[in-house]
Amino acid sequence: MIKKVAGPLVVAEIENAKMGDLVRVGEKKLIGEIIELKGDYASIQVYEETAGLKVGDIVETTGAPLMVELGPGLISSIFDGIERPLETLLKKSGDFIGRGIDVLPLSREKSWEFIPTMKKSDKVLPGDILGYVQETPLVKHMIMSEISGTLDDIKGGSFHIDGTIAIVSGKAVTMLKKWPVRKRRQLAEKAPVKVPLVTGQRIIDSLFPIAKGGAACVPGPFGAGKTVIQHQLAKWADADIIIFIGCGERGNEMTDVLLEFPHLKDPKSGRPLMERTVLIANTSNMPIAAREASVYTGAAIAEYFRDMGYNVALMADSTSRWAEALREMSGRLEEMPGEEGYPAYLGTRLAEFYERAGFGKCMGKPEREGSLTIIGSVSPPGGDLSEPVVQNTLRVTKVFWGLDYALAHKRHFPAINWINSYSLYNESVKEYLLANVSKELPKVRGIALEILSKEAELEEIARLVGVESLSSLEQLILFTAKSIREDFLYQSAFDPVDQYSSLRKQFKILNSIILFYGQAKNALSMGVELSKIKEIEAIKKIPVLKFADENKADAIETELIDQFHALTGRVSHE
Amino acid sequence: MSKIREIAGPLMMVDGVKGVGYDELVEIILNTGEVRQGKTLLVEDDKALVQVFEGTVGLDSKTVKLKFKGRGLELPVSEDILGRIFSGLGKPIDGAPAIIPKKQIDINGNPINPVARDYPDDFIQTGISTIDGLNTLSRGQKLPIFSGSGLPHSHLAAQVARQAKVLKKEQNFAVVFGAMGITYEEAEFFIDNFKKTGAIETSVLFINLATDPAIERIATPRMALTAAEYLAFDLNMHVLTILTDMTNYCESLREVSAARKEVPGRRGYPGYLYTDLASLYERAGRIKGRSGSITLIPILTMPDDDKTHPIPDLTGYITEGQIILDRPLERKGIYPPVDPLPSLSRLRDKAIGEGKTREDHASVANQLFAAYARGKEVRELMVIFGEAALSPLDKTYLKFADEFEGKFIRQGEYENRTIEETLKISWQLLNILPREELKRIKDEIFNKYAKAD
Ligand SMILES: Nc1ncnc2c1ncn2[C@@H]1O[C@H](COP(=O)(O)OP(=O)(O)OP(=O)(O)O)[C@@H](O)[C@H]1O
Ligand SMILES: [Mg+2]
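In order, the protein sequence lines correspond to chains A and B.
Note that the first sequence covers residues 1 to 574 in UniProt numbering.
Note that the second sequence covers residues 1 to 453 in UniProt numbering.
Calculated directly from the structure, the hints in this document are not laboratory data.
Just so you know, these numbers come straight off a predicted model, no measurement behind them.
Hints may contain errors.
Covered stretches of chain B (chain A as the covering partner; in silico rule of three or more C-beta atoms under 8 Å from a C-beta of chain A) [what the hints assert, rightly or not]:
#1 111 to 121
#2 257 to 266
Listed next, the in silico DSSO-like pairs over lysine-lysine satisfying Cα-Cα at most 30 Å (straight line) [stated by the list, open to error]:
#3 A/Lys91 with B/Lys439
#4 B/Lys439 with A/Lys540
#5 A/Lys38 with A/Lys28
#6 A/Lys178 with A/Lys155
Residues from chain B that face chain A, not an exhaustive set, calculated with beta carbons under 10 Å [stated by the list, open to error]:
#7 Gly16
#8 Val17
#9 Asp23
#10 Glu24
#11 Leu42
#12 Lys47
#13 Lys62
#14 Phe173
#15 Tyr272
#16 Tyr274
#17 Thr275
#18 Tyr317
#19 Leu344
#20 Ile384
#21 Phe385
Even for Gly, the Cβ is constructed at its ideal location relative to N, Cα and C.
Please work from the sequences and hints to get the whole structure.
See the structure below:
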């Protein structure tokens, strides 16, 4: 029986209440979860609007925690924060989301073609792959066993997800699995990350890469480009599975994804991107408690696919809204507030979440490796990075892509600040890049970063004394930095060609700019005037490189060298 | 029997209640016969915490009677709401009789299912160059005006309401206006405006003045948006909703939060301000299969013109861009003083171009933006180093910036420019600059439009 209702928090007396149990609240049977037990009373966070709930209303426990359903049917779907399929909600309650609607996450009616890969009398351990379903052309959905025993029977054919596909030591096994939302799924063994998640975004891949299995933090003030970056990664990252969580953000942004992804083609396979994507949308106007749950729902689904041996990337936009949901519940529970009203456990929750990122060996046979990469955007009030969500996130993520108001204001996109952003994965992914892109990459990258940081210093000086008073070399640095910024770092998310650059293309563009710099420095030292250098024809071709075929750069490099040769030759003749 | 145990600020704690729900409407009947309205913020055992919309002044704990209504606060609606003026709580204040309702709608509404949404990509021509040309508004967009006290945001909003139309589409247009704590003059200005243009016939106004109860303001935007939803999604109208001034709304929220002794967030505003504002702003939009739409223009005055203040900050985190009014432009006597550089319409690129406005629109907009930014930089340089330090090209940019402000930004309050006119002015301005400076414009576009007239 309800004793108290305060916003999304309900306190009730419930028989046999257990911490974490799913309960049904009031006449409408709203969905709730027990988050605190005190004496005879349970505090419940309710995942639906609580208006109208009364003292004395009935609360029943289901005796089980809030679960996610896992199985074929996840891919291409869009769910709310507690995995209710929004398409089904639409059919049941219309364009506006009603309350107390009972829906199952995965369809029981749809049939899937199950193809066994194990056979009768095989020994089975948890995690072993019994067979698979080709869920979409891009995703082979592995059906993993949760129990051990001997396969008494296994058969291929068309099944509903709750149909029996195998019998393991007398127990029926179906394709449908249930997993407690807040429980982490384990890898057999975690291993150090080593392969980059290639995103096609030049500033990310070339300067501040993220590893498959890594975690990144993308903070920035409103309008700085967090969502665009998250969408770019969801589109172009070379992951097998994408989980995108719209956590307390705009409805139209989800519409955008829903309208766009079915038409965008995966660069590798040419298939629609939607065929590898799971969307979770708990927008800012949807119930706040379900927003809190949305990141866990997303993480559980992500780990499930990782366990199949896939590279999964999870984007959460924005984790600040999740943290605010935590703060809201904590306030209602009258907990002792920590910094800026956030609960004292904010840091722990964030750390637990990002710790779910990782790479390693999955449980079961056949032997396979999977990874989960997590990219969380953070929306700090007033863009102030000293606030608790950013600070706690930075403690546990190894990549920081700091979006900058000043850059966004100048419409330099992506507005990742190259001076203060960092990646601690450079060493981890180095070997891969040396083998797959170029031996020169670390050197070129180093020079580029040095030029950019010199530029920042020189601009300070130039502001005081004017550009003309800088030495030729200093002016060359400014000239080159400008080219790095405009011809390499600037990348439009909306240009059909520019939105994705292969690793090789990225290297080629940057290499051409750095080659120019080296040649120009040399020419300066031989007495050539900077104005002459700036007139070199081949330089004009650098800006076009990002729109051109990656092999075009080779020709330009040759031209550059030739033209510099001619220039310095003339000087040394005089 | 329910009994008021305590009254503090806008809140009262009531004892002895039974069967009262959370967020339930309460009628508070004074012995003078006056009836006020409230809603429950918390129910616990036999107690209820009630927020009184009209304020608690004059209430006592002995004679006042309470009636719990068993439902939330509702707005009665029918087509007849068009042309009417209501109080901030939805009571007619124009002397005409009450609405005979077809429907009673809970003012909190329900969230639009994200999969039901249709993307806002229909260009709205407001006739204002800085909006149409650079920060284009779409049907179903939420685009706030960030203003400062004394800046002409009301005039701009009224101009948008007067002039807004969608090209090549039949019009079935309505305006819903929600005023929270604005002055009598400001309210009169809007009402007058709507009357003069005849727009009043297709408008619904909810007016809470500065002198009206502050807590009522918490209900006003919800009243307005409920009316807007009814017009848009039941009657298939295109509804432009203007809410002003959101700063006053947020202050009322803060007042309630403080009275409840909640842990304050930044600058004393409650931690749930983001979610609360989102529950308003996200009601804008389009829905698949329905022909109506809600376009939302909230207006807020930034305290100290500070964009990082929680009200503009959290608004910016929810809306799809922002139109920013600039005091220096205003001081130069330029109307409307929209600063295009920090202003942004995030939905612009999907609403413009061939088939929507014109093929050159995007490149022209980007080039104007870049050139004006450069021009302003040169202006700053000139302040430091003097005019002598400027190169001839710098001087051209300076001229560009001046003319851009004078011809593009500046326009008459009753000047309604078509998008072609806005683009024509744009090209005249771009022609000030040498061709090689127009890097964002491709040759084919340049050749076709630069010398078009
Ligand atoms: N890579 C890009 N290329 C072109 N434009 C961009 C790019 N990144 C961002 N933008 C522009 O910046 C606008 C704001 O970006 P975005 O919506 O990602 O901001 P945000 O940081 O998510 O803001 P909020 O916190 O309010 O959600 C976009 O609508 C777009 O106009
Ligand atoms: Mg965003």
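Consistency of the hints with the structure:
1. 111 to 121: Three-residue rule met by the segment 111 to 121 of chain B, so holds; n is 10.
2. 257 to 266: Coverage by chain A holds for the segment 257 to 266 of chain B (5 residues, Cβ < 8 Å).
3. A/Lys91 with B/Lys439: This hinted pair is violated, its Cα atoms lying about 50 Å apart.
4. B/Lys439 with A/Lys540: holds (12 Å)
5. A/Lys38 with A/Lys28: holds (25 Å)
6. A/Lys178 with A/Lys155: holds (22 Å)
7. Gly16: Violated - the Cβ of B/Gly16 stays beyond 10 Å from chain A, reaching only about 12 Å at its closest.
8. Val17: holds (8 Å)
9. Asp23: Check passed: Cβ of B/Asp23 comes within 4 Å of chain A, closer than 10 Å.
10. Glu24: holds (7 Å)
11. Leu42: holds (5 Å)
12. Lys47: Given a least distance of 9 Å, the restraint on B/Lys47 holds.
13. Lys62: violated (25 Å)
14. Phe173: violated (21 Å)
15. Tyr272: holds (6 Å)
16. Tyr274: holds (6 Å)
17. Thr275: Hint holds; B/Thr275 Cβ to chain A Cβ min 6 Å, cut 10 Å.
18. Tyr317: holds (4 Å)
19. Leu344: holds (6 Å)
20. Ile384: The hint holds - B/Ile384 has a Cβ within 10 Å of chain A, the shortest such distance being about 8 Å.
21. Phe385: This hint holds: B/Phe385 lies near chain A, its Cβ roughly 6 Å from the closest one there, short of 10 Å.
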